[in-house]
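Trainee: Could you put the whole structure together from the sequences, leaning on the hints where they help?
Chain by chain, the residues run as shown.
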Amino acid sequence: MNQENNKIEVSELYKAFGRKRVLNGVNLSLKKGESLVVIGGSGTGKSVLIKCIQGLIEPDKGSIKIDGFETVGTPRKDCEKYYATMGMLFQGGALFDSLSVWENVAFGLIENQKMPKKQAKEKAIEVLRQVGLGADVADLSPSEISGGMQKRVGLARAIATKPEVIFFDEPTTGLDPIMADVINDLIISSVKKLGAAALTITHDMASARKIADKIAMLYQGKIIWQGTVEEMDKSDNPYVRQFISGSAKGPIKVEI
Amino acid sequence: MFQFKYPENFLRALGKPLVVFISRVGELSEFIARALYSCVTPPFYPRLLLKQIINIGFYSLPVVALTTLFAGMVIALQTHAGFSSYGAESAIATVVLISVTRELAPAFAGLMVAGRIGAAMAAEIGTMRVTEQIDALSTLSTDPYKYLVAPRLLAGVIVLPLLVVIGDIIGIFGGYLVAVYQLDFNPANYINATVNELQLIDITTGVIKAAVFGFVIALMGCYNGYKSKGGAQGVGEATTNAVVTSSILILILNYVITGLIFTE
Ligand SMILES: Nc1ncnc2c1ncn2[C@@H]1O[C@H](COP(=O)(O)OP(=O)(O)O)[C@@H](O)[C@H]1O
Ligand SMILES: [Mg+2]
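Note that the protein sequences, when read in sequence, are chains Z and L. Residues in the first sequence are numbered from 15 upward in steps of one, following this note's numbering. Residues in the second sequence are numbered from 468 upward in steps of one, following this note's numbering.
Derived by calculation from the structure, the hints in this document are not laboratory data. Just so you know, these numbers come straight off a predicted model, no measurement behind them. Positions of the beta carbon are idealized from the N, C-alpha and C atoms, including for glycine. Please note: incorrect hints may appear among the correct ones.
Cβ-Cβ distance ranges computed for the label pairs, FRET-style [stated by the list, open to error]:
hint	chain 1	residue 1	chain 2	residue 2	range
1	Z	Gln234	L	Tyr526	47 to 57 Å
2	Z	Tyr28	L	Val507	48 to 58 Å
3	Z	Thr99	L	Val507	39 to 49 Å
4	Z	Ser155	L	Tyr526	14 to 24 Å
5	Z	Lys263	L	Tyr526	51 to 61 Å
6	L	Ala699	Z	Asp150	26 to 36 Å
7	Z	Arg35	L	Gly703	39 to 49 Å
8	L	Gly549	Z	Ser157	54 to 64 Å
9	L	Tyr526	Z	Glu72	32 to 42 Å
10	L	Val487	Z	Lys263	17 to 27 Å
11	Z	Lys132	L	Ala699	32 to 42 Å
12	Z	Lys91	L	Gly493	20 to 30 Å
Stretch by stretch, here's where chain L covers chain Z in the computed footprint (C-beta under 8 Å, at least three residues) [what the hints assert, rightly or not]:
hint	stretch
13	67 to 74
14	93 to 101
15	199 to 210
Mentor: The following block contains the structure:
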């Protein structure tokens, strides 16, 4: 494998909450410009995995390298430069409800890149247009717009700072199938436009098929399978087969 | 058989919160250290500080004014009932002055602000925690301690003393109203007695207490909100905890500070 090309490299990552082991030796790498989708059931630790990569949760042991820089065990302020190259679309949008829509989108530009407000607002409106929203929503508050629009604003906020990697936490969960497809298209086009790498976690197979260059399956704290969409369809791995067919029968045990 | 159950349950009831409390002491100390560090290192957010000052100060003014007004009034009435045999106007003026400035204005302002602002802070920050807004701040390279916690702590320490000074004036005025209009004292004598008795230590005691209370209220609001988990229910718990812990701490610290200042 070409190590130079890896934007993110996760090896032997462990994380437990109390006695509950969530990540149990995860190995995963993301190449520059690649779109990787991690699939897995609810509560398998997908969100924990990407939060570890972004330094929001401290792993118990293992290694996470961003552009070859080891972040595990390094003080946050020394990693900040690397974290700044990453953007994230949160599952619930996580828009700041004390700020207007445009202030949300411009947040990174104003607070970090120190862009003057007027210029940041113009930029924010431009990015909003990219995700299919008009200038008329710019001054609304996040609670005044629909769930689908909130997802778009979250996406606009994630791409406004032109990150090199974008994380998508269940981008289509909770949306109707049509809106889900609109979001998939927006993810593809905005990631392409930036030339960024994308790491998406989802259990929506339609979405995964559409946006993935590569798919990895997380089960019981480990990546148990990786490959392209075609390889997935041909795979005879029983776990993968069960997950893509969405059957209750099979080796995957659901904890109730 | 039954009498043995009680001590065991009692110990268990005492034991679990104790374990939780001790595990929290470490977490709380770390929170305080990070919060204080954030207050003194850039970047600073003056606009957010101003917003918090207005939030805490301006909107708390009515409740603080009302509580201290009636506190001053009731002290005047009660003192008159107790001291009437001596018939000394100056005694009432002095008792009102000292009890309002040293004890009642800071305690009432503290408790009122704890109920209003401590709860609001815990609810707001707790909601931001469970809806991942705090994580979102971090991913946008903004330190949540500097952006959320520091402005609230600083605003608490700045605003509560101001509220208490205003509460002092209103409380003393309340005493004056009762003395002059209900007890028919001579207004000039009453004012004279108040001014003659006024000492700097009365005001500074109240102001020091207020600054400490402001810190405690904002700290408990931010801490409980920041560490809340588990959706809407978690936020509700955080809000209750913030108000209960800061109210208890205010009453304990009120006693401790009085002890430190007035006993040799
Ligand atoms: N901060 C936390 N404290 C305790 N447990 C957590 C925390 N975050 C996640 N978990 C647990 O880790 C498991 C995986 O969670 P998560 O990564 O959110 O799942 P998902 O794959 O659905 O995104 C869940 O059982 C959850 O309860
Ligand atoms: Mg999740």
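Trainee: Where does the structure disagree with the numbered hints, that is, which hint numbers, in rising order?
Mentor: The structure breaks hints 2, 3, 7, 10, 15; every other hint is satisfied.
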